[in-house]
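Residue-level listing of the chains:
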Amino acid sequence: MCRQDSRVRLSAEEEIAAEESLSIYCKPVEFYNILQRRAIRNPSFLQRCLSYKIEAKHKKRIQMTVSHSMTGNEGIQNHNSFPLYVFLGRLVSDVAVQEYSATYRFSRACILNNTTGEGSSQVQANFILPDINKLALEAKSGTIAILLVSFVGAQNPLCGINPFRGPLDIGSFPSNVGGYCLWGKIPLESLYISWENSPNFSLGQRAEMMSTIDMHTCFLKLNCLNEDNCISIQLYNSETVTTSRQVQVTVSAEEFGAKEKSPYNSYICSDIPSSSLSDIIRLRAGNVIFNYRYYNNKLQRTEVTEDFSCPFCLVKCASFKGLRYHLTSSHDLFNFEFWVTEEYQAVNVSVRTDNWRSEMVADGVDPKLQVFFYYSKPLRRKRRKNLHNANHVHPYVFESNLHAGACKLSEKADDAHSSKGEKARVSGVSSGIPHSYTDPGSVQSLSTHNLAPPAMLQFAKTRKLSIERSDPRNCGLLRERQFFHSHRAQPMALEQVLSDRDSEDEVDDDVADFEDRRMLDDFVDVTKDEKQMMHMWNSFVRKQRVLADGHIPWACEAFSKLHGPDLVKTHALIWCWRLFMIKLWNHGLLDARTMNNCNITLERYQNQPSDTQG
Amino acid sequence: MAKFSLGSEPVVGSLTPSKKREYRVTNRLQEGKRPLYAVVFNFIDSRYFNVFATVGGNRVTVYQCLEGGVIAVLQSYIDEDKEESFYTVSWACNTDGTPFAVAGGINGIIRVIDAGTEKIHKSFVGHGDSINEIRTQPLKPSLVVSASKDESVRLWNVQTGICILIFAGAGGHRNEVLSVDFHPSDIYRIASCGMDNTVKIWSMKEFWTYVEKSFTWTDLPSKFPTKYVQFPVFIASVHSNYVDCNRWLGDFILSKSVDNEIVLWEPKMKEQSPGEGTVDILQKYPVPECDIWFIKFSCDFHYNAAAIGNREGKIYVWELQSSPPVLIARLSHTQSKSPIRQTAMSFEGSTILSCCEDGTIWRWDAMATS
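Listed in order, the protein sequences are those of chains A and B. The opening position of the first sequence corresponds to residue 1 in the numbering used here, with each subsequent residue numbered one higher. The opening position of the second sequence corresponds to residue 1001 in the numbering used here, with each subsequent residue numbered one higher.
Note that these hints are calculated values from the structure, not bench results. There's no promise every hint is true.
To be verified - Below, a sample of chain B positions facing chain A; criterion: calculated Cβ distance under 10 Å:
1) Gly1126
2) Ile1166
3) Gly1171
4) Pro1184
5) Phe1207
6) Leu1220
7) Pro1221
8) Ser1222
9) Pro1225
10) Lys1227
Yeah, the Cβ is synthetic: ideal placement off N, Cα and C, and Gly gets one too.
Go ahead and model the full structure; you've got the sequences and the hints to work with.
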């Protein structure tokens, strides 16, 4: 969706010149389309990582901060309540312990110290809560609460040990300790209700709540068993309640990661009523404006992508920062300027005229004179064949008939590079781009699917490039000259050249067997059976490529299996084989166990025919 | 490696001409400035017994010997490559009887010229270096064998254009192969010799199925399962220098080196062990002033006589099958001084042609004896 900038009024000739200059985008855009095609089936590592980040980002969470709030007159009194322990605990209902009035399970405890305390201590406790929508269920159950515990002022701390002192490594605690203390709680329900009522909280705004909590004296017991950390609280009678104090804390909550927000997303500027703000936020999330500059930067066309998508390869980049890194690293045929304001986040794009021609074959250069590399034997790894082939080819063909949506491209590279193709390209750009641009709302109609081209430049859509074109080009190179068979030096037919079969290191087994037999025939002091045995072994070893000493045990077993039926037919032959195995054993090439296995195999063959006869 | 046997001493022919036949120069032709390396009569087709071909430079010329010493030019082919220098030519024919002139030379490409249509029938590539001799199997004149500088001998089917066998490898020649010949009756057997001073006898008996297959092959010639024959059945060290020509005389072999003689010997193979055996040298046919290599002799159709030129332009005609050998004639002419690379004896031996280093062709005809 490109909008033509209407600020500049141009004459007819100037307009033609302007369109001409816009065509400078064609080659790089087509080039990136090729790359994108390749990436469909085999996305790069980086982008796979990115998609994880995007997913994580969509999982919204709330960061809740609990801090002690001090008011002037209460300063001294509150000072006494430090250190203050903060838990996020879940009420355990099924633990039937009579003497305790409540048991909470928790996973983490935070200590709040006075600001004047040791440097290492904290002044606020942070908790991560699930998304507000997920939180609703939990909150309504009424089981979760923020617990505040203070030992100061409580009588008789048990054993003189403050169970919570020191690092908050629960594992280092004695498993069961107890003591008297002051405690108070803030039910999550109350927090939830206040957040829900806060108009801007769901829009990512910060919500703060100050509350005063009554602290009660109680006997508290800590259980640290099986990774389940529980505190049990036993309330005392009303007499002790009088000794309770009050602690004032501030609970603030905001969407996790809100601090990384750019001014564009902060929405603090506007005097828009909050009801319409939510709509705007939904609209604006991840929308990036791309301005394509051309005609000496006098003109520009505008395109909007959503989800921080790259307009060239449609990759979602998770954030504007991510988009910036992606564009500069992956699309260096363009110059980019990035800027973010409260109103919009935008990228100004212009074609780098200085260097992109070196990446591709410039006009007037005969591509045939360029240096090509071609590997006719595809690597037998996991790599895709088409991907591999295309790697070594300069993508010098960028023809696209833009008038027709589906363009038929000639397979011949020569034609594609002709000046005729050039003209079609130039004229096609201007007519291929719609000149209308309505309102920002129309952006929302764009597809969110990763591969569908949402707000792509129109001329980027028409393509039939990549794989099917790179192959014929390579074939052309193979066609140009005569190839010869390496052994026979016979000229190869084209179909043989193009076939996947490689006969480079073939061994003619027929001839090799024949030569072997003839060589063995030369021996005069060897019996017929010995010669046959030798021939069988030589043939086997050659065909199976038994090369190293370590191959011998395997070879013996396989040989016994393969030739067993023949060996057992002739008494002399089987003894030749056994003697040979003994020879191998003598030389330490064959172990006794393998030899035994071979003989068992042979015995089995020996017994088989007798069984069938009997 | 075959060794000499200590039986009887070889019989050496006397250089005194017997004057059984007398030859006289009847024609002399200057074909060109470039040396002529081969001249050969067509023994394949009885209709064309008086037709011969010569090669020199990039040219193949076909002549006809007419009555009264007349030589008529029939055809002349010039290879498009000026650098080509043909060394050898042989007559072959298609199964339908069309005569082929098969020529090869420094480029290593064998040109099969259809003398009927006067066009190139096929070109065989495969040899890695120049081709020193091409011979035709008289029993199956579609089969030709070529000896090359690339140390190999190849068997081709000129009809289908297939390279059937390659005689090279572990037991093959260790230097240029200069000459090759088919056994006259044993269709499986060939003999080759070359710069490694040996004569090797090869058998293609075990590979004959491939030879037969080559006649019925309809697929691409390059897909034919060409086989390597790596081991000859017999290796003879008869000579101590380059062996540049060998021919079968029955089961015996005539071969020559640069020792001013042609040697007739018998390869004696051991039944049990192929490759080994002894050589029995039977006769020697002295040829004075024949001490440079690439001088080849020729025989008439029945191998009654052999003619060989020498470095000084003289020709010695030996009766082959008599013992001791008889020198039929010694041909010399005052103007023939250039080395004669190759001679050609006509079917009956009544005409002898010689082609010389200076590009001349000499025709000698036997005088009628009353």
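We went through each hint and held it up to the structure:
1. For Gly1126 (chain B), the suggested interface contact is upheld, since its CB lies about 5 Å from the closest CB of chain A, less than 10 Å.
2. At a threshold of 10 Å, the smallest CB-CB gap from Ile1166 (chain B) to chain A is about 7 Å, leaving the interface hint in force.
3. Of the supplied interface hints, the one on Gly1171 (chain B) holds, with its beta-carbon coming within about 9 Å of a beta-carbon of chain A, less than 10 Å.
4. A cut of 10 Å between beta carbons decides the hint on Pro1184 (chain B): the least distance to chain A is about 25 Å, and the hint is violated.
5. A cut of 10 Å between beta carbons decides the hint on Phe1207 (chain B): the least distance to chain A is about 8 Å, and the hint holds.
6. Against a cut-off of 10 Å between C-beta atoms, the interface hint on Leu1220 (chain B) holds, since the closest Cβ of chain A lies about 5 Å away.
7. For Pro1221 (chain B), the interface hint holds, since its Cβ comes within 10 Å of a Cβ in chain A; the closest pair sits about 7 Å apart.
8. For Ser1222 (chain B), the shortest C-beta to C-beta distance to chain A is roughly 5 Å, which falls under 10 Å, so the interface hint holds.
9. Satisfaction of the interface hint for Pro1225 (chain B) is found here, the shortest Cβ-Cβ separation to chain A being roughly 8 Å, below the 10 Å cut-off.
10. The restraint placing Lys1227 (chain B) at the interface with chain A holds, with a minimum CB-CB distance near 5 Å, inside the 10 Å limit.
Checked against the numbered hints given earlier, this structure breaks only hint 4.
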